[in-house]
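Based on the provided sequences and hints, a complete structural model is requested.
Going down the list, the protein sequences come from chains A and B.
Under my numbering, the first residue of the first sequence is numbered -12, with each subsequent residue one higher.
Under my numbering, the first residue of the second sequence is numbered 57, with each subsequent residue one higher.
Please keep in mind that the hints were generated in silico from the structure rather than gathered at the bench.
Bear in mind the structure is a predicted one, so any value in this text is a computation, not a measurement.
Mixed in with the good hints, there may be bad ones.
[To be verified] Covered by chain B, per the in silico footprint, the following chain A stretches (three or more residues, Cβ under 8 Å): (1) 74 to 87; (2) 110 to 119; (3) 124 to 133; (4) 199 to 211.
[To be verified] Straight-line alpha carbon distances no greater than 20 Å define the calculated EDC-like cross-link-like pairs of lysine to aspartate or glutamate that follow: (5) A:87 with A:98; (6) A:205 with B:97; (7) A:205 with A:98; (8) A:205 with B:99; (9) A:197 with B:99; (10) A:205 with A:125; (11) A:-9 with B:105; (12) A:87 with A:20; (13) A:197 with A:122; (14) A:205 with B:105; (15) A:197 with A:98; (16) A:87 with A:18; (17) A:197 with A:125; (18) A:197 with B:97.
[Unchecked claim] FRET-style restraints, in silico, Cβ to Cβ: (19) B:82 with A:57: 45 to 53 Å; (20) A:152 with B:94: 44 to 52 Å; (21) B:94 with A:147: 42 to 50 Å.
Heads up, the beta-carbon is just placed ideally off N, CA and C, and yes, glycines get one too.
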Amino acid sequence: MYGKGLRTLSIATLVFIAGAFALGFFYAPMDADQGAMQKIFYLHVPMAIVALCGFVAGGIFAIQHLRTGDRRHDLRSYVAIHMSLILGIGVLLTGSIWAKAAWGHWWLWDEPMLVSFLIVFLLYACYQPLRFAIEDPERQARYASVFAIVAGAFVPLNFAVVRMAQEKTHPRVLQDSDNLPGEVWLVFFVALIGMTLLFITLWRFEMAAKNTRGQIRKLQRRLGVDVVAGRSAAPQ
Amino acid sequence: MILGADTLPDNGGYVAAAYLVFLVLLLVYFVIMAVRLSRVERELVALNEEEPPA
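Set out below in structure tokens:
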């Protein structure tokens, strides 16, 4: 039952997200170099961290699916990757807006951080077409799990390699953080908790929705009602 | 490198745009989920009206 405790989780998410944004605008000091545009940091960075962790979580669920053969793990993996893709769109858009404000360009192709995130995003954008391409549900789940594991292992590897890259224009906030004041750290951590809670809330919300749909399908079959196949490639 | 200066670059528009993107993304997600919920509701109503097998 994924809907259990969803109300409390939703309220906690709202409190932390709203709190983080309020603290970011009214409590955190203004950056001397960037001015107001540094406020994007409280949205963009937590979103990127949570999206990447979500991709890795998708890989972990996929491992559990292959180990146990339990299709519920495949569904969990699918939803985690789906949520991370949505956050990934947010990361790319907010990052581009920040880049335009800071560098005068929407995108820089010679910046490893940007291009590597785009590669990860495009890699996972292939996940759903892969599912759509396979009709047999068992094979679909197995192949999707293999994809999620390989791609999930690629995410931290890719991140580590990019951090080691010499050329950099994109700020390494958590690496070059010696001069960051405590207020900025506080707001950043509140935003990170808020974004993590948002991911978990939406993940459970979507799991509950898919679970309900699956229960209806079972009921329809039991009653002998014609089941109309959905357009989604999501596991049922 | 934090201080309150009068000469900071005015990039409020970009900040508002970034936070709006986040809001719009969430709204689109909720609209899609609402459409799916209404489909589930329709299916449940249809199931309720279905005659049980003899």
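Hints and how they fare:
no., hint, verdict
1, 74 to 87, "holds (count 7)"
2, 110 to 119, "violated (count 0)"
3, 124 to 133, "violated (count 0)"
4, 199 to 211, "holds (count 7)"
5, A:87 with A:98, "holds, 14 Å"
6, A:205 with B:97, "holds, 15 Å"
7, A:205 with A:98, "violated, 50 Å"
8, A:205 with B:99, "holds, 12 Å"
9, A:197 with B:99, "holds, 14 Å"
10, A:205 with A:125, "holds, 17 Å"
11, A:-9 with B:105, "violated, 28 Å"
12, A:87 with A:20, "holds, 15 Å"
13, A:197 with A:122, "holds, 19 Å"
14, A:205 with B:105, "holds, 17 Å"
15, A:197 with A:98, "violated, 39 Å"
16, A:87 with A:18, "holds, 17 Å"
17, A:197 with A:125, "holds, 18 Å"
18, A:197 with B:97, "holds, 13 Å"
19, B:82 with A:57: 45 to 53 Å, "violated, 31 Å"
20, A:152 with B:94: 44 to 52 Å, "holds, 48 Å"
21, B:94 with A:147: 42 to 50 Å, "holds, 45 Å"
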